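J.: Letter by letter, the chains look like this.
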Amino acid sequence: MSENQKLTDVKMPQLAESLVSATIAKWLKKPGDSIEQYEPICEVITDKVNAEIPSTLDGVMGEILAQEGQTINVGEVICRIAVGSLPETNNEQPDAAPATQAQPNNSEDSSMRFRYSPAVQTLAAEHQIDLTRVQGSGMGGRITRKDVLAYIEKGGAPGASAAAAPGQRVDAPKESVQRSSASPFKGLQYQTPTEPSPPLGTAIPNVRHSGLHLTESPKIPTIEVEGMEGGRSEYYIDVTPMRNAIARNMRQSVTEIPHAWTMIEVDVTNIVLLRNQLKDEFKRKEGVNLTYLAFLLKAVVNAIKDYPIMNSFWAVDKIVVKRDINLSLAVGTEDSVLTPVIHHADQKNIAGLAREIEELARKTREGKLKLDDMQGGTFTVNNTGSFGSILSYPIINYPQAAILTFESIVKKPVVINDMIAVRSMANLCLSLDHRILDGVICGRFLQRVKDNLEGYTLDTKLY
Amino acid sequence: MAVMEYIDAIRLAMKEEMERDESVFVLGEDVGVKGGVFTTTKGLMDQFGEMRVLDTPLAESAIAGVAIGAAMYGLKPIAEMQYSDFMFPATNQIISEAAKIRYRSNNDWSCPVVIRAPIGGGIFGGLYHSQCPESVFFGTPGLKIVAPYSAYDAKGLLKAAIRDPDPVLFFENKKCYKLITGDVPDDDYVVPIGKANVLREGSDITVIGYSLPLHFTMQAAEELEKEEGITTHVLDLRTIQPLDREAIIEAARATGKVLIVHEDNKTGGVGGEVSAIIAENCLYDLDAPIMRLCGPDVPAMPISPPMEKFFMLNKDKVKESMRQLALY
Chain P
1 MSENQKLTDV
11 KMPQLAESLV
21 SATIAKWLKK
31 PGDSIEQYEP
41 ICEVITDKVN
51 AEIPSTLDGV
61 MGEILAQEGQ
71 TINVGEVICR
81 IAVGSLPETN
91 NEQPDAAPAT
101 QAQPNNSEDS
111 SMRFRYSPAV
121 QTLAAEHQID
131 LTRVQGSGMG
141 GRITRKDVLA
151 YIEKGGAPGA
161 SAAAAPGQRV
171 DAPKESVQRS
181 SASPFKGLQY
191 QTPTEPSPPL
201 GTAIPNVRHS
211 GLHLTESPKI
221 PTIEVEGMEG
231 GRSEYYIDVT
241 PMRNAIARNM
251 RQSVTEIPHA
261 WTMIEVDVTN
271 IVLLRNQLKD
281 EFKRKEGVNL
291 TYLAFLLKAV
301 VNAIKDYPIM
311 NSFWAVDKIV
321 VKRDINLSLA
331 VGTEDSVLTP
341 VIHHADQKNI
351 AGLAREIEEL
361 ARKTREGKLK
371 LDDMQGGTFT
381 VNNTGSFGSI
391 LSYPIINYPQ
401 AAILTFESIV
411 KKPVVINDMI
421 AVRSMANLCL
431 SLDHRILDGV
441 ICGRFLQRVK
451 DNLEGYTLDT
461 KLY
Chain C
1 MAVMEYIDAI
11 RLAMKEEMER
21 DESVFVLGED
31 VGVKGGVFTT
41 TKGLMDQFGE
51 MRVLDTPLAE
61 SAIAGVAIGA
71 AMYGLKPIAE
81 MQYSDFMFPA
91 TNQIISEAAK
101 IRYRSNNDWS
111 CPVVIRAPIG
121 GGIFGGLYHS
131 QCPESVFFGT
141 PGLKIVAPYS
151 AYDAKGLLKA
161 AIRDPDPVLF
171 FENKKCYKLI
181 TGDVPDDDYV
191 VPIGKANVLR
201 EGSDITVIGY
211 SLPLHFTMQA
221 AEELEKEEGI
231 TTHVLDLRTI
241 QPLDREAIIE
251 AARATGKVLI
261 VHEDNKTGGV
271 GGEVSAIIAE
281 NCLYDLDAPI
291 MRLCGPDVPA
301 MPISPPMEKF
311 FMLNKDKVKE
321 SMRQLALY
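Sequence order for the protein chains is P and C. Anchor point for the first sequence: position 443 equals 443 in our numbering, and the numbering is continuous, going up by one each time. Anchor point for the second sequence: position 53 equals 53 in our numbering, and the numbering is continuous, going up by one each time.
It is possible that some hints are incorrect.
What the hints assert, rightly or not - Just the calculated beta-carbon pair ranges, DEER-fashion: (1) C:V298 - P:K370: 55 to 63 Å; (2) C:E280 - P:A260: 57 to 65 Å; (3) C:M1 - P:Y236: 36 to 44 Å; (4) P:G332 - C:L127: 26 to 34 Å; (5) P:E36 - C:E280: 24 to 32 Å; (6) C:K226 - P:Q37: 56 to 64 Å; (7) P:D9 - C:A300: 30 to 38 Å; (8) C:K226 - P:K6: 47 to 55 Å; (9) C:A300 - P:M374: 30 to 38 Å; (10) P:R232 - C:K226: 35 to 43 Å.
Said to hold, decoys possible - Here are some chain P residues the structure puts well away from chain C; computed CB gaps all over 10 Å: (11) R145; (12) K283; (13) V440.
I should point out that these hints are in silico values taken from the structure, not numbers from a laboratory. Computed from a predicted structure; not experimentally measured. Every residue, glycine too, gets a C-beta built ideally from N, C-alpha and C.
Bound conformation, chain P alone (with noise of 0.2 Å):
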């Protein structure tokens, strides 16, 4: 019988959305102990649950790989258990059975095998029939009454045994049934002991993930492919890696995190009278250009420095705040948008984030970002201005705590002291995490840059 079993390997299972290992507290089951199907075979210890481990099989227990005491990673194989030996008949199918035969069935899942309704047992105790001998058609080879019946219709009664197997295969009303049963098995809700999905990759792995998200890479797109039939009123354009590494990262800050949303109006008239007199000598100085962005972005990192929450992201069961303030600076391409980041902005001053600012985006246009250049951002600035928005809802950068917007400077007639003047004004528009930030601490954040924005004087120092 030995040569006929299987070892099928029983991985750890995800026990609980966030775990990524537990430790194996105790082994239920020796090798060479029988098992069957949602016995448990181990306890596990994680940092949530006690748990046990339930068999996914019947079968025997083979090999442990996992000693106690071991914290093995989830998907890593624990043990093997051998699955005990098939049919005789199977040993005859490959050659005889017609490619719509049911063993699809049985190699995929035969958890039902071995389970007999009472009609089966009625009908194979009246006829003295050994159901090992007869095929399973049934929801996970279930022997279903209508096998048996076919079985002994076939003259699988007692006396035929083996022989009588493979006639019954080429059976036509059963083969039909079986032909039929195909393709409705997928939409079953029927939940197939299955293994345990492997950790999916996360922006930071051992915190949190989430199965929301899509994790295959898409083929790498060649062409527009015209619609061949369809005619000319739609065609098909591929899903690039970096569309649908956009689209997981959009999907998976949308679907996680709840987003509140806040604006406030800022007067940048100062801004404006500085940079006008400063631009042409910093650029002859430089080499690069003075923007507004880097004012606004050194007015975000000293409120920042005044609010570290805002520079945090959520940890299902804490908070992390980040000491670094590493700002990721959205910047669109015509076909994509990409989030490089400024490290330690903290540390610069205007004249370095504003050559910050251009050797990013010089970069991201060349398409030069390296992955050093991706990587470690605590708070995302989008300066939607550049395109002509006054207003934006932004989505944030996961797993980050919020993102601001720097919207177009527009003059304005607005009300000082009871005069009407003629300002340049912008919007800042905040998305925030609501888990993590409230109303109150963000209208602080918002007041301390607009604060810092219109602080800004023919005074201010860049370097």
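Take the given structure of chain P and dock chain C to it, following the hints.
T.: Relative to chain P, chain C alone:
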């Protein structure tokens, strides 16, 4: 033999019985001059006069009470509840009086009343015009309850109900009124109360039900046979009290896989009793769990069209349940 609508078959049964027996009369809200809100009693007043077709006040308890009294006096009343939803004020009369008169009087008195009530949703009727109240009356000894599925059965069962010496609740499905047509013989036939009917024979699964959902079942059974070779044995209970135990057991044994369908909600519905009969008698014949597909356990039929669609059974829901059972 004429092809007619389900509603016409009901009207024809009343007309024939009123012609046959002078003690038969109709009473209810708007049944006379208006001819019923669904036109079920249209023309009866013209033919039989206002002494035999009575327009009553909007008081269901009174309609049932008057009918019960008349029945005890020897008449054969057919009391109409405009919608079965409005029947609850009459529940006390029906359950505590009509059902118990023969027993309580030690067989001296009887109550040959028929109470007709349209059941079921899918007509955009919302909370108060869509209910299936079978389970309220089901399980009350002394009451008979019938629920025809076809025009043929509607006529035959109503005639049997009128001639029955005891109270019968006649639950006609209002969605079937105009939707269902069928051959209805002109002659004087009855469909016996207490006898279920095999609508279709098959060897893979058995579906047991009554009223409208059986139409979905029949369509699904035909498609499943054509598309996937799954053959279905369909049993129409026709009478839901008393249940035809022999027919239920026989139908369950035919395939060993039973699905019970009805529009009334699952918990406490007729399906639970059918399932219990099978469980008590057919343990060694079962090849799969006994399954039920019923209306959801929510308080009432929603008025929103998508929600009504969600609430109601339909061919696709029945077909999917049938397929799953066949594949089990």
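J.: It remains to establish, for every hint, whether it holds in the given structure.
T.: Right, here's what the structure says about each hint:
1. C:V298 - P:K370: 55 to 63 Å: 57 Å, holds
2. C:E280 - P:A260: 57 to 65 Å: Holds: the Cβ-Cβ distance is about 59 Å, inside 57 to 65 Å.
3. C:M1 - P:Y236: 36 to 44 Å: 58 Å, violated
4. P:G332 - C:L127: 26 to 34 Å: Violated, since P:G332 and C:L127 (Cβ atoms, about 53 Å apart) do not stay within the stated range.
5. P:E36 - C:E280: 24 to 32 Å: 29 Å, holds
6. C:K226 - P:Q37: 56 to 64 Å: Distance hint for C:K226, P:Q37 is violated at roughly 36 Å.
7. P:D9 - C:A300: 30 to 38 Å: Taking Cβ atoms as reference, P:D9 and C:A300 lie about 51 Å apart, which means the hint is violated.
8. C:K226 - P:K6: 47 to 55 Å: 39 Å, violated
9. C:A300 - P:M374: 30 to 38 Å: 55 Å, violated
10. P:R232 - C:K226: 35 to 43 Å: Hint holds: Cβ distance 38 Å, inside 35 to 43 Å.
11. R145: 4 Å, violated
12. K283: At roughly 62 Å from the nearest Cβ of chain C, P:K283 sits farther out than 10 Å, so the non-interface label holds.
13. V440: It holds; P:V440 is separated from chain C by about 39 Å at its closest Cβ, greater than 10 Å.
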